[in-house]
Amino acid sequence: MSGFGTLLYKELLRFWKVAFQTIAAPVLTTLLYLLIFSHVMQGQARVYDAVPYTAFLVPGLVMMAVLQNAFANSSSSLIQSKITGNVIFVLLPPLSYWDFFVAYVLASVVRGLVVGVGVLLVSLGFVDLAFEHPLWILAFTLIGSAVLGTLGLIAGIWADKFDQIAAFQGFVIMPLTFLSGVFYSIHSLPVFWQDLSRFNPFFYMIDGFRYGFFGVSDIEPALSLGIAGACLLALTAFTLTLLKRGYKLRH
Amino acid sequence: MTPAIQIQQVYKRFGAVQALSGIDLEVAPGEFFGLLGPNGAGKTTLINILAGLTRADSGSVRVMGHDVIADYRASRRALGVVPQELVFDPFFSVRETLRIQSGYFGLGRNDAWIDEVMHHLDLTGKADANMRSLSGGMKRRVLVAQALVHKPPVIVLDEPTAGVDVELRKGLWEFVRDLNRKGHTIVLTTHYLEEAEMLCARIAMLKQGRIVALDTTSKLVNRRDSLYLKLRISGATLPLALAGRVRDSVDGVHTLRLRSYAEIERALAHVREAGAKIEELELLQPDLEDVFVQIMSMGEAGAQREERSAASSLTPLAFPSP
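Line order of the protein sequences matches chains A and B.
Residues 1 to 251, numbered by the working numbering, are exactly what the first sequence covers, in order.
Residues 252 to 573, numbered by the working numbering, are exactly what the second sequence covers, in order.
Just chain B, same shape as in the assembly (with noise of 0.2 Å):
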């Protein structure tokens, strides 16, 4: 099957910034893919690229087979983009930017699917307004319209909730969920990695213009093979035999970094034993924000290090000795 995009060996240098070096990937039709990484990661210039934007120095990008410089035409047309920046003309009206934007598809009569991206996005109402009166999350809704006016294969948006509210973005996100349902490809980068977690089947992490993780969102979140317990007891003092596990105490609660499920029984067995009573106790899963942070620290390879050593650190817990 054509991957719906196809990114092969891609460098891109600005000046003295090698803001891509060597990106290699693949999504394949219907993902929902997320592209993290932090400011200056090459996110943007990466969906920039994939837009005809702008140009790699190497590499060969396509989207749905569509080779983005000698067949731009028809990788354009398989292609909505959602930009990070707030952009508008001011010249227009909600349905005038839409039909605009539907006729540089060559789309004339169009007017049935823009009322529908209308309907869903919220816009009815403001149909007719000039794009300036529009509030902040609203123009933000005419971007996400303007970038399906042409019914694209794959939808790409860049920090589409930057600065948006709680009940769009709730909204943005149940549409898009539709139109991967429908069987769009969908392609977001954000900030907000609880959304990337819940929202995305797969992802890639940049840094520094290289990918640095790519795999899919549950063995991402799962690759740290810790959890933690965090712990208030009264009645005698943390037991012995837990104080290698703590990562910190604060107030009386002591969070413990335990290296599995089994673990957690044990760890309790030895509060019990110690005489202690368990005033509070809560479960820390690990989410993709401390694999993120773990990531973005170290670097590919030295993650895996630093992992493993961390884990052969931790002496296995035994039961208390009855």
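One chain only, chain A, in its complex shape (with noise of 0.2 Å):
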């Protein structure tokens, strides 16, 4: 096996030694907002006039399970080898920054998908779901999670506590999802909030990846799919940039 392949193996076996804390906990969290948001807004107004409130829910709590996740495993991955020291293992090595870059990101989009997966397949017990673009829902899933990943490794590298990486999650990751219209339509928002959601990333993918399931978004799918893949190549080459000058892993 190649040093990238066995860094990505590494990093996957990492999450999946791990699987209740990584894969299990994040689908039952995922499945309690499902089931309290449901019952708490059954009999609200239908979103998109077709589509039932669970039902347009479904798809935002996946999406933003596969954003929290891939964000979480680079980013504690990462800060927990630089704080236990064993980062050195990574470092000695012959590895490019290439190869770092793409095996932790790749990492994260599995996790992303892993989860994804569970919280959609447990939700189907409760809600019946159109695929009417499956295609658009893999290209969502991918991007988003790729970015979130890229994220997550942007907070590893610059942070050198734990605490950091909390705050970074806390105060960036969270609003940025929670106020990305998984809960709602940002039609439903005074005229501001819609404004100020078009500059949230993160609308985009969810809206997107809506999309994939009800064939209706507030957005053109192909430039949600532009606006986050933009999102990603612009991350990319920042996160390039820091690996490549060593910035707070070599110094």
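Just so you know, the hints here were simulated from the structure itself, not pulled from any lab data.
Given the structure is predicted, the values throughout are model-derived calculations rather than measurements.
Treat the hints with care, as some may be off.
What the hints assert, rightly or not - Keeping only pairs whose Cα atoms sit at most 25 Å apart, straight-line, the calculated DMTMM-like set for lysine to aspartate or glutamate is: (1) Lys421(B) <-> Asp322(B); (2) Lys402(B) <-> Glu277(B); (3) Lys248(A) <-> Asp318(B); (4) Lys82(A) <-> Glu446(B); (5) Lys390(B) <-> Glu425(B); (6) Lys17(A) <-> Asp379(B); (7) Lys248(A) <-> Asp322(B); (8) Lys248(A) <-> Asp308(B); (9) Lys82(A) <-> Asp160(A); (10) Lys481(B) <-> Glu524(B); (11) Lys458(B) <-> Asp275(B); (12) Lys248(A) <-> Glu336(B); (13) Lys17(A) <-> Asp362(B); (14) Lys82(A) <-> Glu410(B); (15) Lys390(B) <-> Glu336(B); (16) Lys17(A) <-> Asp366(B); (17) Lys17(A) <-> Glu347(B); (18) Lys244(A) <-> Glu425(B); (19) Lys244(A) <-> Asp322(B); (20) Lys161(A) <-> Glu336(B); (21) Lys82(A) <-> Glu347(B); (22) Lys470(B) <-> Glu446(B); (23) Lys82(A) <-> Asp308(B); (24) Lys458(B) <-> Glu336(B); (25) Lys470(B) <-> Glu282(B); (26) Lys244(A) <-> Asp318(B).
What the hints assert, rightly or not - To give an idea of the interface, some chain A residues facing chain B are shown, with a C-beta separation under 7 Å as derived from the structure: (27) Met1; (28) Lys10; (29) Ala25; (30) His187; (31) Arg250.
Claimed, not checked - Not the full set, but computed from the structure, chain A residues with beta-carbon under 7 Å of chain B: (32) Ser2; (33) Leu92; (34) Pro94.
Here a beta-carbon is modelled for each residue, glycine too, at the ideal position from N, C-alpha and C.
Make one complex out of these two single chains by using the hints.
Okay, structure coming up:
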């Protein structure tokens, strides 16, 4: 196996070994969101005229789980390695910064996918869902989880302690996910908040993901995919620059 | 022949601290080399630069002829580093740790060598134990094994015996000596100077980011042109002729500083002459620790000056007139 393949394998093995924490727990949490929100919001107006609220909610929750877990995977893996010092095991071998970047992000994508599929499967026991455009679903899952995996890598590189990762998660990732239309269509918001939502890249990921299920969305899915893709490119370029310079990893 | 390690004019600053100031050093293939110095002298910084964990501000560093920046893949393949800190990945067992480390170097099927390394380091019984469950000494062995999975020609051990029990230390040195005999270049940093004296053929001493001594171990040890004679006598006081040689006198035991072995006989003749009887006698050889302490307390230039002046202040001992 190549150095890159081994790093990817190690990253996958890492979260698989603690699957209760990294897969089962997020699936359960998302299921609780689903049960509580669908109970409270039952009988609320339908979204896009035809979609019951509970059905509308599921893709939002699935995507939220995908994004949060993709972020959690790369950020927690790297910060743990940095704090325990075992990050040197990946810094001493002849791995390139590309190897490093792709392995961490790909492992995040896989973790996001696994959790997303778990949430989706469990949800199907409660809600009937259409899968209008499965390829769009896949495309947004991959791009969304890659964006968050990259953000997690940036956070992991930047942070010196767990506290800072928690801050990044609490003050950046959580607000961006919760205010991205997971629980509502932005058309139900006042105009000011609607306009503000359009500056949130997570909004496009969730909106486009939802399009894959219902065939309707607030934004043209190709545009959403383009915006999410542009975010991924920009973050990738930024992260590669950090890695190439050895920022906070090689002093 | 390409040097195993070639360090040229390396400078490194961390904020206000100049960690390394112009290090020049070459280690030949197959050498057993010691890097000594007090804490903060720059040993670990130098090793980190060698390993690519830290980048030098200027200067060039090569491992087996490969530049550690421009040709980092080749240089890192040639280098195995046992880090000073006791680090481990709590997710994995010993065998998983070693397989993964081996895989990072692109060596997929490496189980035969991994088994051999585990056997030599007495890790076989713990192969499937999780890293968390190992004692400190066992974790240290795994670190050594990790540094060896890719059979690097150059092995750097940064304080490998800090906090390690005697048995493991002996076993470890046997293993490392064996690797050296098989042609691996070994670079060792340690605080145990007797270990360095016993193992290393050549030694560099670092102080405040500079090399203040660099020579073969035997020349370094012998550069102190003095030895000590410990004497306890009865029946008479120490003869006056020896008074200038007394380093200290504790509980009737006098420690005399001599310039050469030839002076032992003369000193004893003086004692006999004075009618004293020798109760106890011990000869103290200079050791690396003496040299180390002396060099560290003065720095290179000062050390040489001091030695010369100390030597010249000792007037030769003449045989007592019959």
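Status of each hint after checking the structure:
1. A C-alpha spacing of about 36 Å is found between lysine 421(B) and aspartate 322(B), which places the hinted pair above 25 Å, so the restraint is violated.
2. Between the alpha carbons of lysine 402(B) and glutamate 277(B) the distance comes to roughly 21 Å, so the proposed pair stays at or under 25 Å and holds.
3. Between the alpha carbons of lysine 248(A) and aspartate 318(B) the distance comes to roughly 22 Å, so the proposed pair stays at or under 25 Å and holds.
4. Of the pairs offered as hints, the one joining lysine 82(A) and glutamate 446(B) is violated, with about 32 Å between alpha carbons and a cut-off of 25 Å exceeded.
5. Of the pairs offered as hints, the one joining lysine 390(B) and glutamate 425(B) holds, with about 18 Å between alpha carbons and a cut-off of 25 Å not exceeded.
6. Pair hint lysine 17(A) plus aspartate 379(B) holds up; C-alpha atoms about 15 Å apart against a cutoff of 25 Å.
7. Under the criterion of a C-alpha separation no larger than 25 Å, the hint pairing lysine 248(A) with aspartate 322(B) is consistent with the structure, at around 21 Å.
8. Among the hinted pairs, lysine 248(A) with aspartate 308(B) is consistent with the structure: their alpha-carbon atoms are about 16 Å apart, no more than 25 Å.
9. Between lysine 82(A) and aspartate 160(A), the direct Cα distance comes to roughly 8 Å. Compliance with the 25 Å bound is thereby established for this hinted pair.
10. About 18 Å separates the Cα atoms of lysine 481(B) and glutamate 524(B), which keeps this hinted pair within 25 Å; it holds.
11. This hinted pair checks out: lysine 458(B) and aspartate 275(B) have alpha carbons roughly 14 Å apart, not beyond 25 Å.
12. Taking the CA atoms of lysine 248(A) and glutamate 336(B), the gap is near 18 Å; set against the 25 Å cutoff, the hint holds.
13. At roughly 22 Å between alpha-carbon atoms, lysine 17(A) and aspartate 362(B) fall within 25 Å of each other, so this suggested pair holds.
14. Only pairs whose Cα atoms come within 25 Å are accepted, and lysine 82(A) paired with glutamate 410(B) is accepted, the gap being roughly 21 Å.
15. Distance check on the hinted pair: lysine 390(B) and glutamate 336(B) sit about 10 Å apart at the alpha-carbon level, within 25 Å; holds.
16. Annotation: proposed proximity of lysine 17(A) to aspartate 366(B) holds, straight-line Cα distance about 24 Å (limit 25 Å).
17. Distance check on the hinted pair: lysine 17(A) and glutamate 347(B) sit about 12 Å apart at the alpha-carbon level, within 25 Å; holds.
18. Between lysine 244(A) and glutamate 425(B) the alpha-carbon distance is near 40 Å, which puts this suggested pair outside the 25 Å criterion.
19. For the given pair, lysine 244(A) sits about 14 Å from aspartate 322(B) by alpha-carbon distance, which is consistent with the 25 Å threshold.
20. Between lysine 161(A) and glutamate 336(B), the direct Cα distance comes to roughly 18 Å. Compliance with the 25 Å bound is thereby established for this hinted pair.
21. Simply put, lysine 82(A) and glutamate 347(B) have alpha-carbon atoms about 20 Å apart, close enough for the 25 Å limit, and the pair holds.
22. Taking the CA atoms of lysine 470(B) and glutamate 446(B), the gap is about 17 Å. The hint holds against a cut of 25 Å.
23. Taken as a hint, the lysine 82(A) and aspartate 308(B) pair is honoured in the structure, with Cα atoms around 23 Å apart against an allowance of 25 Å.
24. This hinted pair checks out: lysine 458(B) and glutamate 336(B) have alpha carbons roughly 21 Å apart, not beyond 25 Å.
25. Between the alpha carbons of lysine 470(B) and glutamate 282(B) the distance comes to roughly 16 Å, so the proposed pair stays at or under 25 Å and holds.
26. Between lysine 244(A) and aspartate 318(B), the direct Cα distance comes to roughly 16 Å. Compliance with the 25 Å bound is thereby established for this hinted pair.
27. Evaluation of the methionine 1(A) hint against chain B yields a held restraint, the C-beta minimum of about 4 Å falling below 7 Å.
28. Given hint, lysine 10(A) at the interface with chain B, holds; its Cβ is 5 Å from that chain's nearest Cβ, closer than 7 Å.
29. A distance limit of 7 Å between C-beta atoms decides the matter here; for alanine 25(A) the minimum to chain B is near 17 Å, and the interface restraint is violated.
30. A distance limit of 7 Å between C-beta atoms decides the matter here; for histidine 187(A) the minimum to chain B is near 45 Å, and the interface restraint is violated.
31. The closest approach between the C-beta of arginine 250(A) and any C-beta of chain B is roughly 6 Å, which is under the 7 Å cut-off, so the hint is satisfied.
32. The beta carbon of serine 2(A) comes within 6 Å of a beta carbon in chain B, closer than 7 Å, and the hint placing it at the interface holds.
33. Taking 7 Å as the C-beta cut-off, the interface hint given for leucine 92(A) holds, the closest approach to chain B being about 6 Å.
34. Interface hint at proline 94(A): satisfied, since its Cβ lies 4 Å from the closest Cβ of chain B, which is below the 7 Å cut-off.
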